[in-house]
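*Asks:* Residue-level listing of the chains:
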Amino acid sequence: MFDFLIQGFGVALTPLNLGLAFLGALLGTLFGALPGIGPINGIAILMPLAYTLGLPAESALILLAGIYTGSEYGGRMSSILLNVPGDAGAVMTTLDGHPLAKKGLAGPALGLSAVSSFIGATVAIIGLTLFAPLLAIIAVKFGPAEFFALMIFAFASMSAMMGKDPIKTLIGAVLGVLISTVGVDSGTGVLRFTFDMPELYDGIDFVVMIIGLFAVSEILLMLEHAFRHDQEGEMAPIGRVMVKMSEVLYCKWAILRSSVIGFVIGVLPGTGASVASAVAYTTEKRISDHDNSFGTGNMRGLAAPEAANNASAAGSFVPMLTLGIPGSGTTAILLGALMLYNINPGPMMFREQPVVVGGLIASLYIGNVMLLLLNLPLAGVFARVLQVPRWLLVPSVAILAFVGVYQLHSDLMAIYLMLIIGVFGYLLRKFGFSLAPVVLGFVLGGLMEENLRRALSISGGDTGILFQSNLSIGLWIAAALVVLVPMFAGKLKAKFLPAAKAS
Amino acid sequence: MKLAADRILSLLLLGLAAFVAVQAWQLQVPFSYDPVGPKAFPLLLSGLLAVLAIVLFIRPGASGQWPTGALLLRLVFTMVVLGVYAALFINLGYLVTTALVSIVIAWLFGAVPVKAVVGGLLLAVGSYLLFTYGLGISLPTGSWIEPLLGSN
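If you read the protein sequences in the order shown, they are chains A and B. If you're matching positions, the first sequence starts at 277 in this note's numbering and goes up one per residue. If you're matching positions, the second sequence starts at 2 in this note's numbering and goes up one per residue.
Isolated chain B, as found in the complex (with noise of 0.2 Å):
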């Protein structure tokens, strides 16, 4: 039996109903009017949440087309540039980054190098412009442009 994409995903819904039905019974409840309680709304939805994936493991649709080789590598990659944009935000401070990640993006996008790196440069000083003198919203400059600029 060739396993479809949406079989593969009901059991992965299986699992998560079994984990939230596991959670929600753990909860520990103090005394309460509620007759209700906590427990019961998590328990009906792990529930409902099974017996859907049950339709749709008996039914399930057409596959699509799923990402791989070249394309899943740029996917995994752009979600990395992301995920380093935003642990150097702060530190780094938001024009550089934003600078860079959008030279990486551009690049991604099939942008030529000259391009990618102008539209990144223009992109990031006019955003920090518009947001800042524009919108007054303060935007991260960075740990250390802080000590040039001689400010404590």
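Next comes chain A alone, as it looks inside the complex (with noise of 0.2 Å):
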């Protein structure tokens, strides 16, 4: 059952990938640490690097599944010693982490984030490697019914999980698909949305599409923050990054239990760390602050959202190397860049791309020791990066952006839509969308359409084979439950989130 995880570190102990997840560790860290640059602009931002070098499919994977992860342990640094976090995943992490710099203890927290990272990360991914095949049984028996309800379900999960605005998320999934339309239609080669530019025919790419959606539009936000407060946080001084036994026991069943909580909610499809830290953080403040104690600088309020945001960036791999399902925005990326390598994701691949899959585990483990071993001691090297000038670091981002869409396509027309997508992206992040239901929808919309389609043509259009297995009546109603229990559950989620508005 588990020869996939052997072949998979036959895959990851290779030179070649053992040396990429290292490269991804080290750049996910730099760039997670950036201040502003959360993971997944991150993530868009390198995504080109891996074409750049003409890697194969599971190398080109485990050095982006590097970046995904490192960018997690590096996104803390700028929470922790600036009140600045990186995304939505890192603000419960500014809640203690933040006074516990102020305190002085700003080594000993960065210190006690990664080891709770590190156990978080763990847990989450031998949670992975014991779930997954498991999962990967049960996705045999999807037929294009079943796989239409389950992206249902997807979208569902995400607009109640998402937090503050389901419309708007859902809103911004469609969005997303919609764009996925564009092209020619692979069912009829009927051209769709092409407005006559030759350029359109085969739909709008996924790279041009990820770098203008984040980091053109990101390059916009920097000049409005810098526009509007000019002078950053007052950075607080590290001091030595250790962190003691005692410290890390104390903290032992708030990291055990955060993991847990984090590599579950990391499994459903759709949601991702902002939700898992901001449900670990609550869960633990309720069960362990007897003091009143947390958002004071309390470790075990530092150590529970580190742990769950780790566990569920390894979590939301589950749906993603199952299913062909990203649990997040971020694994909706790395899923996008998997298509570009002619690997259809979806309940096939656990058995058709094994090296794939297990070397991308495999390197999972592997990873995480490097970053465990990187981050202890050379946190204050990384905090460092926090100190780049934007007026060094926003030209960077715009060079990286134009030679990663330049060198894949050689075409102006590529740049300019770029750019066009850039303006999109940031006047929806003006108006207060996420770009992550924009993203999954844009990825899983042609796999979408695809599958109902191929329903309907299986039941010569009798739209009642959607809702004729036991598992897709589960599933639409899974659906159903998430959107509806939350709206009559307003109150509970309001008890979730009063901590992130306070911040």
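In short, the hints are calculated from the structure, not lab data. Incorrect hints may have been included.
[As the list claims (entries may be wrong)] In silico DSBU-like cross-links for lysine-lysine, where the CA-CA straight-line distance does not exceed 35 Å: (1) B:116 - A:378; (2) B:40 - A:417; (3) B:40 - A:706; (4) B:116 - A:706.
Since each chain sits alone in its own frame, please combine them into the complex, following the hints.
*Replies:* Pasting the structure below:
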């Protein structure tokens, strides 16, 4: 049953892939630590690198996964030292992390968060190893109708869990799916929404879309931030990055509980680190905050969200690798990257691509150890990255975006398209949209239509087939439940998120 | 009635939904065995988008902070700079355009001119060396430089 893992270690332990896992961990930590650039932006900006290097699919995925998990590590630095969360998943880390830094405990706080992250990720990777093959067995039973229902469930749980604005989450997803319909329709060869522009016949390119949406819009947002408040917060001195064994032991239950919470939430399709860390933090506060010290620099208040957020990062690989449904916006980008290698995501991926899947899981184990070894002694060095001035950072992001798109297409149209999408992404972010549903919609849109049409051509056009098997009925009910339950339990959610609003 | 940002957005989305529906409706579909065809899915999406837009109109959220005045000007200027970067990227070459764009952006982000010029030049040359020799990417050298080098 665990053949895939043995085979995977065979793949991941080749010198090239070991080197890439290390490179990914290093670059990920650096980019995650850059102020304002969270994991998802980091991976969007660095993605073209994987193609530039001309890597085979499994190596590219190992590099990208390293960047992903690395940036989750790096993201905590600006949260703890500057009180600036790099993304929504890091908000909870600021609540107790920054007060700790202000007390002069920045070093131990960084150390503790590295250890919690490591344990959280380890628990989740073990969960992934055990759970993925089981889910892959069920996944084989998925026909097109079930697959379609599963995608509906992914969007439903995303809109319910993404928090503040479910309507905008759904609108974002619909916009993403709509963008995916541009180009030649694979079923009939009809051109859709191409407006007689040959450049659009193949649809909107994934790399162009991601870089425009994240990197270009980030440039505009950074300009706004720089304009509004010129000075970032004072950076706390770090001191020695060492966490005492007694401090880790003090947090052990907080870490373990949060790891499990993070993994479970990460597995749910469509929900990621932001929900996981929020739930873990509030749970831990309820269980172990006896003296009301959460929010003033309690070590457990730091350990809980850190463990949860890394556990959910690894957990979100479960639906991605077994069902082809990404568990988060970031894994949606990874999945899109895989599709560029002509690997069809879906229930059969686990069987058909054991090298890719096994190699990835094995490299997660290896990368996680590398990250701990990198982050404990070198946190002080990485923290210097926080002081990179914006006037150097922003041109670098622009250069990476341009070179990334140019070297894939050598075509000016692609660059213009990237800029247009960048403005679109900026407007979406200003309107309060999260970009993750848009990416998820864009990546899943094609599969969604394909499966719907395949199901209906099996039944000769009868929509009844969508609700025929027990599996699909169950998925439709689950989708309805995740949308309806929070509506009636709105107060419960208000309890979960007040801390985020206060920060 | 004060028009919230979300209301304007909702009207734009309704417009988009209508546009998608009309475009999809006009698709010429050849005979095929596919009972659904290319029209149905976009039509379904435009319907869904319209419903969501109406819900958004009824329950708009907070309007947020929108750029005005000097900031808006800077944002537009940044996009123009990036557009010009794209337009000249191939003909003028990577080194020249990247240096110029980096200097302008650095200046936009508040670097003093000397720092901006030094930083921009270093970024351009450093990244050129890294990309060409480190990663083996061929970047445009610029059409003006080729005659100078004597290559055709």
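*Asks:* So, for every hint listed, does it hold in this structure?
*Replies:* To see whether the hints hold, each was checked on the structure:
Under the criterion of a C-alpha separation no larger than 35 Å, the hint pairing residue 116 of chain B with residue 378 of chain A is consistent with the structure, at around 32 Å. Between the alpha carbons of residue 40 of chain B and residue 417 of chain A the distance comes to roughly 29 Å, so the proposed pair stays at or under 35 Å and holds. For the suggested pair residue 40 of chain B and residue 706 of chain A, the alpha carbons sit about 32 Å apart, so the restraint of at most 35 Å is met. Between residue 116 of chain B and residue 706 of chain A, the direct Cα distance comes to roughly 31 Å. Compliance with the 35 Å bound is thereby established for this hinted pair.
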